[in-house]
Each structure stands twice: as C-alpha cells, then as structure tokens.
Amino acid sequence: MSKVTVTFIVNGKEVTLKVGPKERLIDTLREQLKLTGTKEGCGIGECGACTVILDGKAVSSCLILTGQIGGSEVLTIEGLEVDGKLDSLQKAFIDCHAIQCGFCTPGMLMSAKALLIHNPHPNREEIKTALEGNLCRCTGYEQIIEAIESVAK
Amino acid sequence: MVYSKVNKPIIRVDAYEKVIGKAKFAADLYFPNMLYGKVLRSKYPYARIVKIDIEKALTCPGVEAVITADDIPNNEFGVIVQNQQVLARQQVLYIGDGIAVVAAETKEAAAKALGLIKVEYEELPGIFDPEEAAKKGAPLVHSELENNQVVHHRLRKGDTERGFAQAEVILEREYTTQFVEHAYIEPESLVAVPYEHNTLVTIYGSIQNPFSCRNAVASVLKVPLNKVRIIQNHMGGSFGGKDEVMSSMAARAALLALKTNRPVKMVNTRDESILESYKRHPYKMKYKVGATKEGKLAAMEIKCLADSGAYACQTPFVTWRSVVQATGPYELPNVKTDTYGYYTNNVYTGAMRGYGSPQIIFAQESLMDELAEELKMTPMELRLKNIYHNNSITASGQKLDNHQVSLEEVINKAVEASNYKDKYREYSKPQSGDKKRGIGMAISFRGCSLGAEATDAAGAIVAIQRDGSILISCGLAENGEGLKTVFTQIAAEELGVDIRRINYMEVDTSVSPESGATVASRSTILGGNAVKNAAHQLKETLAEIVAAEFKIKTNNLDFKNENIYEKNKNQKIISFDEAITLANQQGIFLSVYGWYKAPDISWDEENGQGRPYFTYVYGCQIAEVEVDTATGQIEVLKMTAAHDVGRAINPACLKGQIYGGVMMGLGYGIMEEVETANGYIKNTNFDEYLIPTVKDMPEIIPVIVENPDPHGPYGAKSIGEPTLELGAPAIANAVAQATGKRIRHLPLNLERVLLGHSLSKGGTKK
Amino acid sequence: MISYEFLTTQKIEEALNYLDKFSKVHILAGGTDLLVNLYKESPRLPDFDYLLDISNIPELKIINSINKFIEIGPLVTHSRLINEPLIKNNFPVLMEAAYTIGSTQIRNRGTIGGNIVNASPAADLLPPLIALRAEVELTSRKGKRVLPLEEFLAGPYKTKLQANELLTKIKIPLLSDNYYTDFQKIGRRKALSIARLSLALVTKIDEEGIFQDTRVVPGSATPYPQSLPVTEEAINGISIFQINLEEIGKITSNEMVSITGERWSTPYKKPTIAVLIKRALERIIKEAKTNE
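Chains as they are written, first to last, in this note's numbering: chain H, 1 to 153; chain W, 154 to 919; chain D, 920 to 1211.
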C-alpha cells in the first residue's frame, strides 16, 4: 500500500501531504493536521458530525478519500472564525442556545454555512433540508433552526 | 422576587469554545508516546471460553500489550451489584462482552492484532426472554446465583381484591417496550495516562459520572481511590449512557497504560458502541385496572418484567423508580405492584433518560385512554377525575404536602396551548381519505433526584481568586444540558456579580467534591443548592468584612451589580473588587465548600410504602398526529409540552431540554428499536438504528410552568427526564384516536400501524 | 483487512488504460456507497487490488441535450440532478427521486453512475431511470456499447459491466408532451432514509384519455429494480375515466409477489405497493384532467 501525495487547500492554506490509500479526509484533518473540530460519529455518512465544506458544498469527510481531493478547497470549523471574528452563524448559535453537548455543532455549522453560501435567505424548509444529514440527540433541532433563521433573515 | 442572573436566558458559558471547534472531547486529545487500545469482543452471545491464544497478536508489529481477564486484579465491578466483567473470564454472557484488549502504536496495528487472537469457544444455549429466565429451573445466566432474578420490588396499598370487587369496569391489558440505544453522537472515548501528577493513573474521558468511574477503576486495580484521577472532558451526549460502559473502558485503558507505562487512547466506533453499551430496558407490563362507572379508579394491579441482560447494572434502581411511579399520578386506594428484573443473555440494560419511567408511563397512559373509551369519557375527563392534587396520597402512601401539586395546572396549560378540546372533538368525527388525524395526551409525576435509591447529597467549591475572578468546581458533571451555565448563574446571583467573572471547572475527582452522579435530573436541585450554599457562605464572609469596615450591620448589605450596597438606602458602599482586596489584605480565605443534603426520605421495601422522594415534578404532553392508514406512516404534527419545573434558572436551556426530550420521546414512540435476535444485535450503526432527523420534527410548543419548590435553589426542581417520558404514550394515544386501533407495543413502526404487528427478518447475525 | 493501491486520473483514456492494464480494479466515484462498504468491510465488496478514483474526470460530469436524448455523465451528483434545469424540465420524476436520497451531504457526493453500478435493490434512481427507458453507454479500450439500463442490471448488486469497462454516459430519451410521471417512496423516517418501498410511474395519456406506453418500476420490492409488465399491460389501453385503481393495485401486488416470492416483509409490502401505484395513478390522472 503506497502513499500518494496530495495538495489541497485547508482553511485558506495550501497543504501538501502524503496520504495512505485508505486515508479518509476526516483522518487527514484530525490525525495529520490536528484539526479536531471535525468529529466522527458513525463513519458511514449517517450522522453529519464530520461535515466539512469541500469546494463550496457540504460533504461528509468520512466518505471521501483524501487522495480524491487534489486541487480542492476544504473549509472546516476551524476556518469559520476569521481574524478572531466569529462568523455570524457562530454568533447566532451562541445567542440562540443552539448548542448543548456541542459534538454535532461543528457539523451543523458547516452544513448551515454551505447553505448560506448558495442561498443567503433560506426558508425554514430549506434550512431543514440543509440539516437533514446532521443528527443531533440533545437539542431537538429547534434552536439550531432558530439560529440559522436569525442569520438568514 | 426579581432576579438579575437566574430565571434569565443567559448564553451558555461553554458556547464559545463549542462553536469554534476548540472544545476538546476525549478523542481530540493527543499525548506524547500514546498508544491505541482496541477490544476483541465476543463472537457469541453466550459461550464458554475454552482457550485464548494471544501469542501471535503479541508478535504483531506495533503491538505493545495484550491483556485478558487473567491479567486483571479484580475483574468484577458494578455500582449496585459487582458482577460486570471487565473482560470475560470463563464465559461470555452477551455479544458485547470483551475478551481481550490490545495496545498498539497505531489503530491499524491494534485492529490487526485483534484478528490474530485465537479464541476457542464452546457455544452455550442462552436465554433471551426474561419470561423464560423467570421460569423455575431455567438455565442460569450467572452460574453462581440461585436463579436469574436480579430484583423484585413490591408495593402493596389497600386491598386490591376488594377494590376490584367494587369496580364496575375492569380492564386488563399488556404492553411491551423495546431495547433503546442512547445514541449520543459522540461514541465512547478516553485516554488513560500512567503516573501523572502523583497518581497511578489519570483518565481523561467522556465520562458521565467521574466518581463512579473512579470507584470502578480503583476497585479493578485494587488501589485506593486517591491513586486514580478522573478528569471529565467535554462530553458529546450521554443521556445516562456513559456510565458503566465507560467504567469498563477506563479500567481496560488503565490496565494497558500501567502495563506499557504509556498513555493509551480508546475510542469506540459506532458499531462497537452499539454492540457493547447498555440499553434502555425493554419491559413487559401487565396492567389491571378497576373503576366505577363514574370513572373513579378503584384498584390497580401491575406486574412489570424488565430485561436486565447479562448484568445487573442499574436494574435494581431502574425497576425501583418503576414501582414507585407505576400507577401514574392517580389517586388509587388499592394498589398492588410488582416489578422484576431478570438476567438474560441479551445486551445488558442500564440508565437511560427516564430511568424506568418511559416504559410504565407508556403503559399507564395508554391504559387510561383505553379505560376512558370503555367508560365513554374523554381521556381528559377521566384523568381530571383521578389526578393528584395537594395532599393526595400516592401509591406509596406518601402525602404530597410539601410542594405545589400542579398536575391540573399543567394539564390545563397544555390543553389550552394545543387547542386540545376542539381538536379532540374534531378528530373524533369520521374522517375521509387515508390520512387521519388524532390528538392524544399523557401526564406524569416524577420523583426528583435519587429518592430512596441512595444517599443524596452534593458539594461544590466556590473560590474567589486574588483578582476577584471566581472558580467553581462541583462533582456534578456537565452532560451538555447546561449545568455549567446554570451553576454559574446561581453563583453570580448569590454574589451579585457578572457571569464573566466565573469560570466553571471540569470535574476532576482529585479536586472536586464527590457529589454522586449527574443522573436522575438531580443536578440543578442538588448541585444548585450546593453552589448556592457555597456562594452564600462567601457572601457572609465578605459581608462581615465590609460591615466591620463601614460599621454597618451585615444583614443590611445587598450584593448586586458587582457592588455591595446598603440595603434601605440603596447606596453603594464598596465594589465587589474592592471588597475582595479588603479581604485579601486581611488574610481572609475566600474559598469554601458548599454542601447540600437532600431532605430525609423513607422506604419500606417489604410493602413499597414510605416517602420515596422529597419532591416531585409534573408534566403533560399533547401530541397531534396524522396517520397514513394505507402505508402506516405517522407524521407527528405538533407536540405541546407543559412542565412544572419549580423555577426556570435558565429558560432558554430549559426549552432546549424540552425540545430535545420531546424529540427523543418521538423517536422512542415511532422509530427506535435495537433489534435483537437470540442475543445478536442486528442494527449497529446509524444507517439501521434510526433516530429522528430534523425533518421528523413536529412543531414543538414548550410551556414552562413555575411553582417554586421550597427545597429547590430559587425554587428550581428538574426537567431533563420528564421531557422524554411522555412523548411515546401521547403519540400512541393520538394514533389510536386517528386510526381507531390501539397499539400496545413500542415502537409504532410502519408495520405495527398498518398490520397491528411487527415483522422480523429473522436470522441472527449481520 | 482490505488492502489496495490507490490510482487516480482526470482522463477517461487513462482510466480505461488502467482498467486494461491491471486486473482486480474497483472504481471509486462519489464514494457514498463504496466508503461505507470499505468501512464496514462489507462481504459485498469484491476482492480488489487497485482502487481507481474517477471522481475528477471532467468529461464524466456533463449534462447535455442531444438528438432527442438527454445525456448525463455518470459523475453527475444527485444534487445536480435536483438543480439542473434540463432534468427538472424533462424528467421531474428523476429529480423527485434524487431529492429523497440520503441527505444533502450524500447528494452532494453521490452520483447517478454510482447509484446505477452499485445496483442496490433500494437504489432510489433506478426505478425512475428504468421507467424512463434509460440506456447506459459502456466504454472500454476496445470501444463502446450501449445497453438498456434494465438489461444492464443483472441481479441484486450485479451488473453486466465488464472488468475493462467504464460507465461513461446515461442516455434518456426525451418524452413527448403527453407523458406523465410520478415517484412515490416510503421510508421509516423523513430523511436519511432507505426506501422501504418506492415506485416510479411513467405513462402516456393520449387525447382520448387512454393510458399508453406505461412503465411501472418499484424499488425495494423485487430482488433488484425491474419493471412490472403485467401491471403495465393492465393499465395500457384503459381510460383515465374508467380505470379501476383497486384492481390495478391488486395486480401490482400480485405481480410483485410473483417475482419476489413470499418474504418476511411481504405482509407489509403487498398491500402497500398497491397503495403506491394507486397514488401515483391518482396524481397523474388529476394532472391529466387539469391539463385537458
């Protein structure tokens, strides 16, 4: 099993890494780059905790091999806050109590961010569709939706 | 009373680190020289272990240690009964039992080594049905015991025979519930570090109850408690679930760390988590109820059988809460209740949000609707005729005389907010088309905190630092619900200071006062009181200093807005910071322990009589559903949840509890089930174990009712569990109204709704 | 443990060369099925030594309208199927089915080609694609061949794709104006849900209101998605004003059971498939009547 070299952009910075043939994007982020904000909850794309934005779209980083993403741009939760300024979604999650245990939160934020990139004023149903791949066991989702609505207005 | 910090939706104190991705969960920790641990689990639900050969695994490159039960000083642990194996010694008792653990340089090497361990089994015929396990002469799950019974709780009040003789209507019904997975999104994870800071082993982990974990690890290692240190990390959900399964993981990791003298990290995959971790108990419940034609309840007889799985775990206490609350909040002169737990070779069962209440409330609230129908009354009418009021006597003989019994109020508020009466009338009329609507209610009373399960006390340290910043440490642990925020608000309220002054520390068993576990919806009422007590002591100390300095009476001082005022003149005397400086100059110690011991309770195990809990909370949830009667699909349209919480310390966090609890109750009601077949678990990941998504959300209307409790901090009681226990029966009652068909088994999945029974694929293994 | 060499390319030609040169090559596109199977070490995975990533081949991502066909590159994601006007306007049934797949994250990566080649009995796109008479273009170094999709499927999780071939196009003939389509799906929850049962219906209703050229393809009902000719024949030639939906429902139920046999799930699926065909027809009839 030989490693392959991949160059891609993470949170605005170009990285060139050697990755194993089975190395998933989530493994690279967490183990190689120590970007541990991206969480693993199921390994099969069913919980959304590992959601990152790849070339502008929300994806499950557990369902992508890092070898596949040469030349791509990845945004993780760590890249949401710019120059010490919180993204308006992060601020809204705080203000609207959209957080309990916080484990699904990075994935939720990335799904919400991807939605707003393409659709700055989504309605409630569109917000739900954007979040349907992100499981949360604590919040019952309501305050998460309210947070996104407060930004999308 | 007007508060400045409590009773306000103040933002969570742990929110910032959680939205920027820097909150450290245990899987996010990396220590130098760290190894990865992995568990080899059983191949069969019940088997004798003939031989374990670890030689090959030991020679696998990267492997540093392999441990089996033979390497463990004390292999059995447990909070109530010490019979849970850290690693299976002679027999595996369920499919999730561990047999060996490996520590290796990489996860891959550890996984590879597991494949090289050879285990010779002799498969044994297991017992997978608690009714079978209860039979005389049934094969024993634990061969050292006389029978398979874990526990039997009795409750006897009045004379049920006479009660039934007087009853004009008698109903007998059977209800069942399913195995349910906690489904915290963060799988179990921890790191054990050997010989750190004068302890034998320090464990950083996603641990719900750091003190019970410490007890287990110390007892397994046979070392004193002060040699083991547990530090809680941010925890990605627990819901009762990260207790014994974490103790077991901690013990295994500790053993490996000590053997290799290197930190060992263990993280379960989702499949490993669902295979090994304990579940909510499935119950089989037989209810018999008698009533007069006017709808007055005369007698109730209840028999509940809980499947404890392979270990006792929390079964003795889970079934105890069931025995206390089995009748529901209804006045009954004659009650006979028996709850039992039995060992089987199924996955073991333990604490999960609700703790013995969701099962019996599903039964008793379904039964109330069935009885109402029999009596040609509305479900609401029947309930109102029988519910508890102030000074009612419960089935346990407890007079509810020390707090406001607000059932009628919560029912009325939920009814109003949901427009229940109109909708009930409307949906009672014939409906055309496949899609039919219904509305249903469920109510409950719930004992706060541990009750007669165990000693009930909590402690907290509040320490004012030299610069006036404040540290709080309590033995109760943030589970994600907002405990840190609530305790911070209480301390800030008491001291009249800003929230930002306060830093709430993670639980560290070597520092934090042991406070029992963060369970039983007890943290706000117990820990809140302890924090309040500590802050109050500090306030008194500061008041004395200030009073002496300014020659004012101590009771004439008011701590608010970061200052100390003279009460009647409403005049600022000194700022909080200046008061701290003054205390520092005088060499006054500004760290205190606060302590709160719950009021006395009593319990007579023989007859189930006494004062099992010192106070109760009351709730009512109303579900409105649309059932596709042609396909069996249920759409929950709206859930109204009215809960008396005593006092909402943080209304926004409280709503979060309601929304989350309602959704978990919805999952319990219509989709969730850990499917087992002869002890094998069929759905071990989130593609097959389904929990509600955002698209499954109904409109949720939270109704907060506040009747301050004399024992609660600022009157606060409980909210975590009550929110979860009512959804399934409310939905079941709504579905029954919509379809005219009663489903007495959870969950109300497609097949049950369409056909009246579930279908099973059969087969045993995946 | 599964072990392989990772290959990646941005050119069809190079991909075909790899397929030709190496044996035991498994193709990776969106990865939403394959990575799950890798993670689970699924017994369904064939033995392979090379994993060939084709997800970055631009030519395989094109959607085009050519000679009364819409041609869809196999790497077109489910999200694109939902948003692409060519699909939305011509094959709403495909868009509706794509919308029910997994979640936003899955739809952003999962591809139409992957859904076809994986050939799951529950694949959401297969019923509408078969009903639309889609064809697949398979390319190898030796040339191209085109097969009707229904013929391409060879069994549960099996297709007629040769080891040296790559799925390079999905071609769907355009429908004339008087065609109507519908997609129905039942899941255990409202998102992230595998079809418990689904059904795609494509049919023509002529000027007299007579059904013609009806295609009925259920999902999760038969060992692998296939059309129901008996049901189709029963519907063809009948007027939308006279059709007996109960009768058609029964025929569909019986046809499903005749193909699949009695299984553990039959007691549920047998009555429910009848409901799905009835609902699909009802919706179409209503639409046809408003169009009159």
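No wet-lab data here; the hints were simulated from the structure. These numbers were taken from a predicted model, which means no experiment stands behind them. Glycine is no exception: its CB is placed at the ideal position from the N, C-alpha and C atoms. Watch out, some of these pointers could steer you wrong.
For the chain W half of the interface with chain D, some residues (derived, Cβ under 10 Å), not all of them [claimed, not checked]:
1. 264
2. 299
3. 783
4. 845
5. 850
6. 903
Hints and how they fare:
no.: 1; hint: 264; result: holds, 7 Å
no.: 2; hint: 299; result: violated, 39 Å
no.: 3; hint: 783; result: holds, 4 Å
no.: 4; hint: 845; result: holds, 7 Å
no.: 5; hint: 850; result: holds, 9 Å
no.: 6; hint: 903; result: holds, 6 Å
Comparing the model with each numbered hint stated earlier shows that hint 2 is the single one that does not hold.
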